[in-house]
Amino acid sequence: FTQLCFFCQFSDSAGYVGFANLPNQVHRKSVKKGFEFTLMVVGESGLGKSTLINSLFLTDLYPERYIPGAAEKIERTVQIEASTVEIEERGVKLRLTVVDTPGYGDAINSQDCFKTIIQYIDNQFERYLHDESGLNRRHIIDNRVHCCFYFISPFGHGLKPLDVEFMKALHGKVNIVPVIAKADTLTLKERERLKRRVLDEISEHGIRIYQLPDADSDEDEEFKEQTRASIPFAVIGSNQLIEVKGKKIRGRLYPWGVVEVENPEHNDFLKLRTMLVTHMQDLQEVTQDLHYENFRSERLKRTGK
Amino acid sequence: PCAGPVESKNEAAMSELVPEPRQKPAVPMKPMGINANLLGYIGIDTIIEQMRKKTMKTGFDFNIMVVGQSGLGKSTLVNTLFKSQVSRKSSGWNREEKIPKTVEIKAIGHVIEEGGVKMKLTVIDTPGFGDQINNENCWEPIEKYINEQYEKFLKEEVNIARKKRIPDTRVHCCLYFISPTGHSLRPLDLEFMKHLSKVVNIIPVIAKADTMTLEEKTEFKQRVRKELEVNGIEFYPQKEFDEDLEDKTENDKIRQESMPFAVVGSDKEYQVNGKRVLGRKTPWGIIEVENLTHCEFALLRDFVIRTHLQDLKEVTHNIHYETYRAKRLNDNGGLPPMTVETEENHESNL
Chain A
107 FTQLCFFCQF SDSAGYVGFA NLPNQVHRKS VKKGFEFTLM VVGESGLGKS
157 TLINSLFLTD LYPERYIPGA AEKIERTVQI EASTVEIEER GVKLRLTVVD
207 TPGYGDAINS QDCFKTIIQY IDNQFERYLH DESGLNRRHI IDNRVHCCFY
257 FISPFGHGLK PLDVEFMKAL HGKVNIVPVI AKADTLTLKE RERLKRRVLD
307 EISEHGIRIY QLPDADSDED EEFKEQTRAS IPFAVIGSNQ LIEVKGKKIR
357 GRLYPWGVVE VENPEHNDFL KLRTMLVTHM QDLQEVTQDL HYENFRSERL
407 KRTGK
Chain B
897 PCAGPVESKN EAAMSELVPE PRQKPAVPMK PMGINANLLG YIGIDTIIEQ
947 MRKKTMKTGF DFNIMVVGQS GLGKSTLVNT LFKSQVSRKS SGWNREEKIP
997 KTVEIKAIGH VIEEGGVKMK LTVIDTPGFG DQINNENCWE PIEKYINEQY
1047 EKFLKEEVNI ARKKRIPDTR VHCCLYFISP TGHSLRPLDL EFMKHLSKVV
1097 NIIPVIAKAD TMTLEEKTEF KQRVRKELEV NGIEFYPQKE FDEDLEDKTE
1147 NDKIRQESMP FAVVGSDKEY QVNGKRVLGR KTPWGIIEVE NLTHCEFALL
1197 RDFVIRTHLQ DLKEVTHNIH YETYRAKRLN DNGGLPPMTV ETEENHESNL
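Protein chains in written order, with the numbering used here: chain A, 107 to 411; chain B, 897 to 1246.
Treat the hints with caution; some may be incorrect.
As the list claims (entries may be wrong) - Listed below are the simulated BS3-like cross-link pairs for lysine-lysine, each with C-alpha atoms no more than 30 Å apart in a straight line:
#: 1; chain 1: B; residue 1: Lys-949; chain 2: B; residue 2: Lys-1048
#: 2; chain 1: A; residue 1: Lys-377; chain 2: B; residue 2: Lys-1177
#: 3; chain 1: A; residue 1: Lys-354; chain 2: B; residue 2: Lys-1177
#: 4; chain 1: B; residue 1: Lys-1113; chain 2: A; residue 2: Lys-354
#: 5; chain 1: B; residue 1: Lys-1113; chain 2: A; residue 2: Lys-353
#: 6; chain 1: A; residue 1: Lys-353; chain 2: B; residue 2: Lys-1177
#: 7; chain 1: B; residue 1: Lys-1164; chain 2: B; residue 2: Lys-1014
Since the hints were derived computationally from the structure, they do not count as laboratory data.
Take these sequences, add in the hints, and give me the full structure.
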């Protein structure tokens, strides 16, 4: 283990205390403990949310999925469904919870469809606040929503009125990452136009989406900039393997060609995945330091506690 | 089906015929039927040619409405269907297109000509439909517009001094655009089609079909057809209006296999295998709009324009309009809405 060697190497030099090793210790403890992350997924039916989540985490989070018909949807309200999956990679354990919101935007009148979602997010904050103020704080479970992928339709001309209302209501409660799925329905030009339109409308309405922090000294500045410039990410999801030039890759097979999920020239899937996994820590921090603190101060102000 | 007075049916047939004449027989036809004492060729069948010539001279009206959420490619598709810029959107939305707060009805007329035949095509757009957060009853302005056209026609028909050829603004065909979610219809789709299939010919189409693989397309179409059936929605061509066995066979195939047509529209041309084709260029290939292995645009075009255009008008006139007329007369105690109308009233009512 390199950390030990590092420690030995410098333990004799004068003035060296050794707490530079602290990040490594934190890191080792975290690896042992494992990470928790809650990702919420919001968007109308049929925008490719489930396929994308399955593609991102190389899993099938929805094995017995039932898709209701239109007549059933008329009566349905927005549900909150949380699925948890444990993913392990190179000794690092991740306990990922994906929170789905089926029914969102489906009804003819979608006026109240995000109330349920706001309530859920607030409830998690409430629970955490309660646990934090409690006596036994050793095993606080963090079920707060760390990130919300909001799916924008690739079939529209930009944001819909519902998209604007949702984001305005939730940008103070959760990190919003706008995503355009089923991006293979757009030509490159249309994609650029749509992205620009969405960004314009986001700025026009004063919507605060999740901002990538500036690159650290050891990070690739240019790559960071490229990633930032790709938001909202236009992605394609698939877990079907297709043979292309002798290799088996994940993609979608059309009569006119094959769309490759992991081809950066086809879509932003890799960028989105990289962004998510390299920013899990930051997303959690911003949730804690910004959104949760906002909730907490509002809450305490109200009850005068 | 002759649901209306014989007189008006002939009028409709006379003034607007499909410009596809039957060949004059090279050999005199064998006598057929009860009055078969024909000893030679008379030339009755030349009436087809006379009607055709008349049609070419007068031209004909066709009114097509497009309904669906913003961004489903309605304007592009109509432009592709008629190979002209007949819809208000030009290629590439450079202009600021704000979603209107209520459903608007925008009718734009064009005269297009082909092979000496003039068509006065009116495209009726419905911006704002299904785009709001609360879309309750958003089909009402559309239903109102359709009924208003029937009313206009009725008023003209019952007029004492009426025009030789009543201008026909009635909606002959309503293309309803279904979002290609791959899941099922949306509640709004059901509600719209339930209400409107009773007053107008609805042809459901699956928009932006290049988002689905062949498998997904087949599954989705099956599911949509099933949902429409289960909910009692009769889209055009309606089963009850099949005139004979030939019609029924042809239409059954269309109803049970082809529809709803999964289409892709485009007004841009690309070079493919030495030919210039209408298509969409992506990093993974060119989607050819008129290639049947890519999408069903050509089927829709042939269906609406090349084979069923006249029937669309006839069903509108003989069924939907007559239903409206009968209801109006019944409401009025069996009397026509207006028996006396001065020139002034007439003008202001149009």
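Worksheet entry | Hint numbers not upheld by this structure, sorted from lowest to highest | When the structure is compared with the hints, none of them turns out to be violated.
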